[in-house]
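Top line first, the protein sequences correspond to chains A and B. Letter by letter, the first sequence follows residues 1 to 287 in the working numbering. Letter by letter, the second sequence follows residues 288 to 423 in the working numbering.
What the hints contain is simulated information worked out from the structure, not anything from laboratory work. Beta carbons: idealized from backbone N, C-alpha and C, even for Gly. Watch out, some of these pointers could steer you wrong.
As the list claims (entries may be wrong) - Computed spacing ranges between beta-carbons, pair by pair: (1) A/VAL237 / B/SER342: 58 to 64 Å; (2) A/ALA257 / B/LYS414: 36 to 42 Å; (3) B/LYS420 / A/SER256: 42 to 48 Å; (4) A/GLN33 / B/THR382: 36 to 42 Å.
To be verified - Only pairs whose alpha carbons sit at most 30 Å apart, straight line, appear in this in silico DSS-like list of lysine-lysine: (5) B/LYS377 / B/LYS420; (6) A/LYS49 / B/LYS406; (7) A/LYS49 / B/LYS414; (8) A/LYS36 / B/LYS377; (9) B/LYS377 / B/LYS414; (10) B/LYS414 / B/LYS345; (11) A/LYS49 / B/LYS420; (12) B/LYS420 / B/LYS371; (13) A/LYS49 / A/LYS154; (14) B/LYS377 / A/LYS49; (15) B/LYS345 / A/LYS49; (16) B/LYS406 / A/LYS36.
Stated by the list, open to error - These stretches of chain A come out as covered by chain B in the derived footprint (C-beta under 8 Å, 3 or more residues): (17) 26-40; (18) 45-51; (19) 54-60; (20) 209-220.
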Amino acid sequence: MMRAGLVIAYILLAPVLGAFLDGLDRVVSARMQRRKGPSVLQPFYDLGKLFSKQLLAVNNVQLLLNLSYLVILMIAGSLLFAGADLLMILFILSTADMFLIMSASSDSSPYANMGAGREMIQVMAYEPLTLLLAVGFYLATGSFDVSVIMQQPKSAVFLMPGLLFGFMFVAAIKFRKSPFDLSTSHHAHQEMVMGITTEMSGANLAIINLGEYYEMVLMLGLFFLFFANKNWQSWIVAAVLCLVIFLLETLWDNVSARLKWKKVLYGCWTVTFVAGGVNLLILMLTH
Amino acid sequence: MLHYDASSCNGCDIEVLDCLTPKYDLERFGVINTGDPFQADMLLITGGVNSQTESVVKQLYSQMPEPKVVIAVGICACTGGVFKECYNIKGGIDTVIPVDVYVPGCAARPESIIDGVMKAIRILDEKRAAAIKDRR
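Just chain B, with the same shape it has in the complex (with noise of 0.2 Å):
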């Protein structure tokens, strides 16, 4: 999994670190926090998309090898919340690359964001069987 905070005010970053701590253990189903994308599955991104961090979502996006899948967390991430109205704002993630899951939330509960990870791993394996089919 790789965390990227696009334009997040650091309340979504703050719970993303909380589902790696003892309490909620988000590696009990195997999931790290990784700083490279070459190694991800997932992209998790907290914030709206501005004209800045654009170009670094889509390059973040560009080295993830296939299966990959994108998480929204947080409802900037999901719409650009009350952000979306800004000149600089362009709006949720999938603005810019398609999300395959949204955990709303302001800030999004570390419950809400497991429950997103663990959906996420379940449309990576569809996309992976999915994958396997299509080279047979």
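For reference, chain A alone in the conformation it holds in the complex (with noise of 0.2 Å):
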């Protein structure tokens, strides 16, 4: 029942959330970039805006790529909040994903096209990690099911602190913060008109804004599985660390510069391979 009710309250309060978080981040880099900046509900207002505009539809598949690209982010969001198995929800995660790429590359525009081959790179960059967090949950709990880990006497951060450091860098990618933005970003600044999205307006560009709300959420319950265990003061404890490192990501982006792809590529393998590989070697050794 309590499961029930907690995907009904992802289906439902995702985008919310997402949204709000956008504007959160919004106004902190706008504060710390010496602006004022827009109001906090403002993604709210954007998003609003975008249904009411026209629909300039390039070709007849881009919609339903789009459609897909949510619904399947809205499944494997579901499946988290369940508490479902790991590897699945991670698996889906990526499935939405290239509903994503084709849609990019669906349209006639380079930009988009090149979109779509450096959201492919990026794909490349942080599935590895994902793969070996997966299994450093199984090695630290004993179970992909994450329901199973959630009720841990002591959180998993103990056991896999290589992990998250690696998880918190390449998370970047999903947020599309700099300096891994390069097939779209949030901010107007990118060097190929908007990447991904170049040809997507109106309704369709609504649905991908709403596609990464889910998206952001559900990577913030994956951070929130690190902490969280079975006393619930750990769960509150754990949302606070969630908002925490979502502003550093919002600080990060702020601080540095978009790297080029084969610096994003070997950077991201790098911190895998040292950060999540040796956590992982030392779990399997001592477990």
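Dock chain one against chain two, each of which comes alone in its own frame, and use the hints as you go.
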């Protein structure tokens, strides 16, 4: 019963929480740049505006692919909040990204196509760590099931600090933050117009934004897993730490410039194999 | 907001960029400068239209989804300015596409550009309300 409640809460509230976090990100970024920044509710106004705009569809398939991206992300997030298999969640998350890549490749804009190519490189960059993450949780807790991971006497972070660091590093890709915002960016500054979303407008773009909000909450849910254990007090601490991690990503976004794809790929793989690999090795030897 | 330089001397362009700096910060009204006409509601043009930029202005305008507004920034974009009589200049932006807000000045001050953008937002809201009414 509680699981069903959590899934319904995720489906209904994740876009609200995601849009609020996006607004917070914009305000905090502005303050870091000594600007006043927009209202925290600006992403809500933007979403409303996008749905009221004329739909300029460049082809027939893009809307369907974007909707698939949204729905598959909702499924992945729902599985997480239902306490299902972590491996399954991560695979479905990658599948959702494939639909985004197909959607960007379906139009004729060279910028969107280049964005799709770069998105694939980004998937290659973050995917190894997410797999190591699942294995790490298995070694630390004896199960891939999120519900079992949440019922441990001690938080997983004590056994997996390296994996947490690695995940924080590659999560910047998923949050579309500098230095890893190659394929598209939440900000207006992008050297190839808007990358994957170049030819998306109105409701089409709003669907992608909604998808990103679901993804944002899903990613924070994965961070939550590191800190939560069977005591309910740890859940509050975990939620606060998730917010801190999100704000750290904002800080990182503001102090770093966009990298070239080779540096992104090699940087992520190096961190994955050093921080993630060593952590995993120690877990294997001690458990 | 999409900014395009039709044939400006860059004076107004720099004032437009000035609006995005911490001192003026146009983003406090939720407006950001984008390079993508598909995602823009406002087309802000500096400089008068010449025979080479005419097709670009028309294309950018046609790629923006409705409802949309056009702001002409600087006296050249409003009327052609001192270049009005030049053989290659067609005149102000309104010789090519409909303009909603005129911001005169040489160069237009950031304060007046922000004022023009705010006026454009109001016109945009009216157009949106009218479009929703039409759909019903």
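Hint-by-hint comparison with the structure:
no.	hint	in the structure
1	A/VAL237 / B/SER342: 58 to 64 Å	holds, 60 Å
2	A/ALA257 / B/LYS414: 36 to 42 Å	holds, 38 Å
3	B/LYS420 / A/SER256: 42 to 48 Å	holds, 47 Å
4	A/GLN33 / B/THR382: 36 to 42 Å	holds, 39 Å
5	B/LYS377 / B/LYS420	violated, 36 Å
6	A/LYS49 / B/LYS406	holds, 17 Å
7	A/LYS49 / B/LYS414	holds, 12 Å
8	A/LYS36 / B/LYS377	violated, 40 Å
9	B/LYS377 / B/LYS414	holds, 28 Å
10	B/LYS414 / B/LYS345	holds, 20 Å
11	A/LYS49 / B/LYS420	holds, 15 Å
12	B/LYS420 / B/LYS371	violated, 40 Å
13	A/LYS49 / A/LYS154	violated, 46 Å
14	B/LYS377 / A/LYS49	violated, 34 Å
15	B/LYS345 / A/LYS49	holds, 24 Å
16	B/LYS406 / A/LYS36	holds, 20 Å
17	26-40	holds (count 9)
18	45-51	holds (count 3)
19	54-60	holds (count 3)
20	209-220	violated (count 0)
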